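When we follow the working numbering, the leftmost residue of the sequence shown carries the number 1, and every step to the right adds one.
Since the hints were made in silico from the structure, they are not lab data. All figures in this text were calculated on a predicted structure; none of them were measured in a lab. Treat the hints with care, since some could be wrong.
[Unchecked claim] Each computed EDC-like pair below joins lysine to aspartate or glutamate, with the alpha-carbon atoms no more than 20 angstroms apart:
1. K5 x D36
2. K43 x D9
3. K5 x D18
4. K43 x D18
5. K43 x E2
6. K38 x D9
7. K5 x D20
8. K43 x D20
9. K5 x E47
10. K38 x E2
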Amino acid sequence: MEAQKTAVDAIVVLTGCDRDAVAAFIRRIYLAGVRDPKRLTFKGLQEMGRG
């Protein structure tokens with residue numbers, strides 16, 4: 001869960017996106033099996049950049 005928190009914090013700081021939206025996305029990919037904070041952050045930045 002620390003990986004998830006780290007990724008959410010990083011994405012919110014870098015993008016200024018809504019914390020709840022970022023957390024929901026990161027939670028989905030975390031539960032899908034991605035546990036690496038760098039990978040979670042990268043995927044999250046990609047997704048938040050599209051929106």
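The hints, checked one at a time:
Between the alpha carbons of K5 and D36 the distance comes to roughly 11 angstroms, so the proposed pair stays at or under 20 angstroms and holds. With a CA separation close to 14 angstroms, the supplied pair K43 and D9 stays within the 20 angstroms bound. For the proposed pair K5 and D18, the alpha carbon gap of about 14 angstroms is at most 20 angstroms, so the pair holds. Proposed proximity of K43 and D18 is supported: the alpha carbons are some 16 angstroms apart, at most 20 angstroms.
For the hint linking K43 to E2, the alpha-carbon distance of about 16 angstroms falls within 20 angstroms, and the restraint holds. Using a Cα cut-off of 20 angstroms, the hinted pair K38 and D9 holds, with the two alpha carbons roughly 12 angstroms apart. The straight-line distance between the Cα atoms of K5 and D20 is roughly 12 angstroms, inside the 20 angstroms bound, and the hint therefore holds. Simply put, K43 and D20 have alpha-carbon atoms about 16 angstroms apart, close enough for the 20 angstroms limit, and the pair holds.
Distance hint between K5 and E47 is fulfilled; the C-alpha atoms sit about 17 angstroms from each other, no more than 20 angstroms. For a cut-off of 20 angstroms, the pair hint linking K38 to E2 stands: about 12 angstroms separates their Cα positions.
Going down the numbered hints, you'll see the structure goes against none, and every one checks out.
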